[in-house]
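Asker: This is what each chain is made of:
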Amino acid sequence: MAIWILAKMTIQEASRRKFIQVGAILGFSLLVLHAIGFGLIHTQIETSPSGFRSVIQKTEFFNFLTMSGFYAVNFLTMMLIALAAANSLSGEITSGSIQTLAAKPIPRRVIYFGKWLGLALIGSAYLLLMVGGMSLSVWLQTRYLPPNLLKGFLLMELNMLLVEAVAVTASTSLSTLASGALVFGLYGISFVGSWVEQISAYMNIPSGVELGVISSLLFPGEAVWRRASYLMSTNLIRMIGGPFISNSTPSPAMTVYALLFLVAVLGLGWWSFQNRDL
Amino acid sequence: MMTTYAIETFALRKEYGNKLAVKSLSLGVRQGEIFGFLGPNGAGKTTSIKMLLGLTRPTSGGASLFGIPLGQPVVRAQIGFLPEHFRFPTWLTGEEFLNYSGKLSGTPDAELKKNIPYWLERVGLTDFRHAQLRTYSKGMLQRIGLAQALVHDPKLIFLDEPTSGLDPVGRRMVRDIMTQLREQGKTVFLNSHLLSEVEITCDRVAFIKHGEVLRIEEVNRLNQGNTRVHLQVQNLSAEAAAGLRARCEILSAQDSHWIFSLTDAEQLPEINRFLVENGAQVYALTPEKTSLEDLFLEIVGTDGGL
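Protein sequence lines correspond, in order, to chains A and B.
Numbered per the working numbering, the first sequence spans residues 9 to 286.
Numbered per the working numbering, the second sequence spans residues -12 to 293.
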């Protein structure tokens, strides 16, 4: 099917342009760094006279270190996919090579969704390897795994797809630079909004919480990540809070909203690419 | 009933915001001909091609390819396109580029297996088939672009400035390929600035300016009709001049240079004999051919349409 040919071309392009290689080296470095750091800290505490005072303390500690790794994985994946997606269509439109492609007997939607699919596959494989690799490293060292790992992974995947969809959609009508700026700008707004929401929740300021929720509606990716980190945290951390989970946790309704947002953004991009002159 | 037209357009118009790119393009390109599309820079040639290929949506008017109205991608399986400025994915190798092009055009693998080596050989890139396009020279890009436009065996081929990056050998190759395509009954729509080449290859040419067809000419009729003759002569007596006037229409006479018009070039030897017998000294008696360039300048004007 033509859409698979386009997806394959997109993956091949990412590889030929060394995008996959750079991402792989960075990802591998991150995994190694995390594994070594985790091991060093773990050994130090285990061998010290005071050691872990209880199993609960040990679990909280492992969870905290794993979540800090996932935080970095989430951020790195999002950044890489945003950069690739922001250039996906705008790059070909600027260079003119889209003309050779769009003159073939395939509908525009095949080009649009083919590119989207290719990048989604790259991002998903990357996220799976990173989350899987980090979980494996933690498990091999401690036989510990955070709770709700699959759910957490799927939410991180949703966040990645949201970033990708916004960037691909922007790249149908904006330049690569502007598309990238738009994605990071939107993410920045929802990021700041999420802190406003959390601090307001802690200090009991309802209007601040509402402002945070509204910013998440503009771009729900950060809220989806916060739900993921909430689900993968231990009960104690959930109760007392921590840097990777919040005092105001996005509800499952926000996940549903994020899914609808994803479909709407993809639809908007399709419409925009379908109707533009190349 | 099979239509005899590969391309038909009716009052095709394109505006970009306030800018008018194509005013009203109406023409018919017959199946099996090489059709030249001529006009000054900014006349709307590339925009016209883009509208026919579905890359750009017309503001108004209509067009059909092989009788199928614009807007249906399926007809493009019969169409090949070489865009100007070598706009290809540079990260693919030559062979991969042809393979993807053929696959996206719906050509069966078995056919591609034959066509890809054939066209690589035909455009002289067999030895470079495993090199990425980013390492290709301009001329090589144009060659692989041509192969890409032909690998799925289309019936109608749009070539936008196909020889701009090529050396004389490459130009000759493109000309030969176009002739070969015509022999196979295919239609070629050629957009080119190189009028001498258009003159050699095309059956008909359309002159466009400001996105409107000014005239369509059959190339082999360019030099039918009256012949302009340049005469350089001295010692032309009054009787001889009168005799000359009786035989042809004098267009201009300045000093020893005369320009006259003849209905039949076969009269020239007789005129020469008459002048010499009457004591005139003839230095030159030259029939002037109307070149496509002359016609272009006459129709489009020297202002370049700007």
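The reader is advised that the hints may include incorrect statements.
[Said to hold, decoys possible] Covered stretches of chain B, as calculated for chain A (at least 3 residues, CB under 8 angstroms):
| no. | region |
| --- | --- |
| 1 | 13 to 26 |
| 2 | 42 to 48 |
| 3 | 90 to 100 |
Worth flagging that the hints you see were computed from the coordinates, not collected in a lab.
No experiment lies behind these values; they were computed from the predicted model shown.
We treat Cβ as the ideally placed atom computed from N, Cα and C, and that holds for glycine.
Asker: Taking the earlier hints as the rules, which of them does this structure contradict?
Answerer: Violated hint (a single one): 1; every other hint is consistent with the structure.
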